[in-house]
Amino acid sequence: MSMKSLFALLLSRFTDPSIWRTASSQAEQIRSVGNGFLAAAAAMFFLVVGLTIFITVKFGRKRSGEGEPKQISGNRKLEIVMVCVPLLLVVFFFFWSMRTMSAVMPPAGHHKADVIITGHQWWWQAEYTSSGVATANEIHLPVGKSLLLKLKAADVIHDWWVPALGAKMDMIPGSDNYLWVTIEKPGVYVGTCSEFCGEQHAWMRIRVVAQTQDNFNKWLQSHSTDAAEPTDSLARAGATLFMKASCSSCHRIKGQDANGLQGPDLTHFASRKTMLSGIMANTPTNVRQWLRDPQKVKPGAHMPRFIFNRDSLNELTAYLTQLK
Amino acid sequence: MSSRSELNIPEPKHSIPGMGVSNNQGLLQWISSVDHKQIGIMYLWLSMVFLVIGGIEIMLVRMQLAVPNNHLLGPEAYNQLFTMHGTTMIFFVLTPAIFGFATYLVPLMIGANDMAFPRLNALSFWMTFFGGFLLYFSFLAGGAPDAGWFNYAPLNQYNYSSSPGINYYCSGLLLSGIGTVTASVNFIVTILKYRVKDMGLKQMPLFVWMILINSFLVLAAFPSLNAALVMVLLDRQLHAHFFNMAGGGSALLWQHLFWLFGHPEVYILILPIFGIFSEIFPVFSRKPIFGYGFVVASGMAIALLAFGVWVHHMFATGLGNTINNFFAASSLLIGVPTGVKVFNWLATMWGGSIRFSVSMLFGIAFLIEFTIGGLSGVSFAIVPIDWQLTDTYYVVAHLHYVFIGGSLFGLLSGLFYWFPKISGRVLDEKMGRWFFWLFVTGFNTTFLVQHALGAMGMARRVYTYPDLPGWGILNLISTIGGFLMAIAVGLLIYLLVRSVRTAPLASDDPWDANTLEWTTSSPPALQNFKQVIPVKSTRPYRDYKRPDDTDWSRKGGDGK
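The listed protein sequences correspond, in order, to chains A and B.
Counted from 1, the first sequence has number 108 at position 122 by our numbering; the numbering is strictly sequential.
Counted from 1, the second sequence has number 222 at position 232 by our numbering; the numbering is strictly sequential.
Hints are computed from structural coordinates only; laboratory data are not their basis.
Bear in mind the structure is a predicted one, so any value in this text is a computation, not a measurement.
For glycine and all other residues, C-beta sits at the position ideal for the given N, C-alpha and C.
It cannot be assumed that every hint is accurate.
Unchecked claim - Residues on chain A that point at chain B, a partial pick, calculated with CB under 7 angstroms:
id: 1; residue: V19
id: 2; residue: V71
id: 3; residue: P72
id: 4; residue: M84
id: 5; residue: M87
id: 6; residue: G160
Unchecked claim - Straight-line distance between alpha carbons at most 27 angstroms, and here's what the computed DSSO-like set of lysine-lysine pairs gives:
id: 7; chain 1: B; residue 1: K187; chain 2: B; residue 2: K535
id: 8; chain 1: B; residue 1: K192; chain 2: B; residue 2: K520
id: 9; chain 1: A; residue 1: K56; chain 2: B; residue 2: K520
id: 10; chain 1: B; residue 1: K526; chain 2: A; residue 2: K56
id: 11; chain 1: A; residue 1: K48; chain 2: B; residue 2: K420
Model the full structure from these sequences, guided by the hints.
In structure tokens, the structure reads:
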């Protein structure tokens, strides 16, 4: 491996994901004002470091008993320059900032939100306004389209942030916030809740799956259907248990007698790659482990421990993992 | 001052202010003291004790974050620890340390024998002391506060934090806040009324100037915090609903009230440091401060602007572009008087004859570290950058470059500078250098990488994190740096305790300094001055020592 590719590899370890790996036009514009600032700040920093080193080397006391240096207590002209140069710089960046702001975050006005995202302790709820589809934590969005996200909170303040897609925005109980995003290329973009929201703030991660309009439509189509009817007897027993054991009072499964809104919508739970807002992969083993003792997997989570026996655990796991 | 005895203040008769308690009346004398020097020393020890406690808390936090998906601490313990760390370091380490130096030095620097209100002075200290005690009592009472040092609503409500921790947070900070306010009243009166006759405002040392400005900042900022704390207590205890949306309250109201205090608080913790460095750079460069008038004026400008910038903590709360632009402009503006001071100090050093004492080394390191913290601070005033980086580890890096690279370096510089005066003993410069290099290395190892972590998407206040590319290694580096800092602080405490007991005696004026505190004995007697030298410039002691080269006789200098 050449030095150059090694360096590139090392660098990529630290830039992916990051605010430099942009995937939306908004993030792109923020990156350019960010880079502009970085250049100016670096110049200022090296000026100070250079001066500090120069002064300490040049004006360090050479020998003890050296007389007092010339007593200079000011220089009006120099002081004016010292104030004016930084002042011009900040004025320049103020206007750059203002321009970027109106491009990145124009007022929502009367536009209808494409997706309503609600922060809960500690998961994300997404509702697609045109189709009524609901999902959680893994949020699918189409590329190449200017999307308006409406951001809400169900309990405390949360904050939506996917670095590759640009600005973060708080979700504040009692008021609605809006965020524009125009995703440029398909891919999976990770993000995280960025306002401290209690015990499991760390495991409130976001996965945005950006798809071409066609693929997105297909996904939306598949998710607007009712939940799959269980076919084997184990899963059928799980379904019965789900409705009976009060799971249904917190979780919704479309087409079934389960309409709870406290927890994530589970209609197409098995089609998600991760569970519990990114804490682990969505596998039967992990689902089973979670059902056995939620507080052990995600301490503080609002899912109670039900003390299921082994058969019940197997049935519920079988039911949930076939909800494609 | 002569009327003091008539006030019948129960002050110690045989006081020998030292840093230890091994004098004839022992602990009782300290507890009952109303002498500004002893109260100042108690503030400094209080700060040191809390530095160790806050440091242990954060070392546990760093150990938890050393590797991804760690299970050393659970989320509950982690959230209490980082909350207590932040609250402790700001309210019970930096604040008392600054007030300790000010309480000790302000009367000495203006030629007074004590503060204007000695008993109020003691009250201020003990309020701070018991505020800290109350805050820590929460650990025994069922759980420490766990909603972060800025304690956002509605997470601070009973529904979301039912342990009594936040009640103790409110009452502890309320007590210590009252202490801070009363101390500031005391400083204002002392500085305005008790200067020696011939010291005009233009001859005041810059440290005294900054404490004066700072005291007005405290008087204007703390009421906002105290009011907000009472409101939270009412919400939690009496079911009021200031911050409860269901009852018609507002979650954002807390943020406005808190940051209306919180941002001036940042300047409260840095303006006195500017004062300390404006004393230290001239002494160790053997030159007067460059632009005395500018330093004072920019201090005032900062104090005024400080009340118009709080929304830059809230750029991501969706207040709209118009409001955000207003506060972006004011925040960019306040960066100018703050940043330009670095050039004042560089110009002070320029052409000087610099002595590299440990105190000066911290000054030089401060210039660079504070520039990093200042520049990253300006990046938050550029709103789109703030939208990406706020509430990430980039902020954690920024605030530590300001609070450590700025405030703490200033306090350490001041400690090495004034230790001979306060204790009457020399602080070992050789071991001091070891401490300096270890601390500076540890500090930069810990926090430099956190800028990158923030830009890579790591949110702050997470008790653990997934194993994403680069995250593990950078966090491990940060933790190693934290250990270096911890070792350095251990070394400092050893150095201080040893020096207080056994170091050689210091002379009255070991640095060939400029201001009045160096004209009295080391340590000063209970009565600071029997007689004060004439004050005709900002460097009266230098004028006195060099009558043929005084500041006031020189043409064109703005020392007078």
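Hint check:
1. V19: 5 angstroms, holds
2. V71: 9 angstroms, violated
3. P72: Check passed: Cβ of A:P72 comes within 5 angstroms of chain B, closer than 7 angstroms.
4. M84: Holds. Min distance 6 angstroms.
5. M87: 5 angstroms, holds
6. G160: It holds, given that the least Cβ distance between A:G160 and chain B is near 4 angstroms, below 7 angstroms.
7. B:K187 - B:K535: 20 angstroms, holds
8. B:K192 - B:K520: At roughly 24 angstroms apart (the allowed maximum being 27 angstroms), B:K520 and B:K192 satisfy the hint.
9. A:K56 - B:K520: This hinted pair is violated, its Cα atoms lying about 33 angstroms apart.
10. B:K526 - A:K56: 20 angstroms, holds
11. A:K48 - B:K420: At roughly 19 angstroms apart (the allowed maximum being 27 angstroms), B:K420 and A:K48 satisfy the hint.
When each numbered hint is compared with the structure, violations occur for hints 2, 9.
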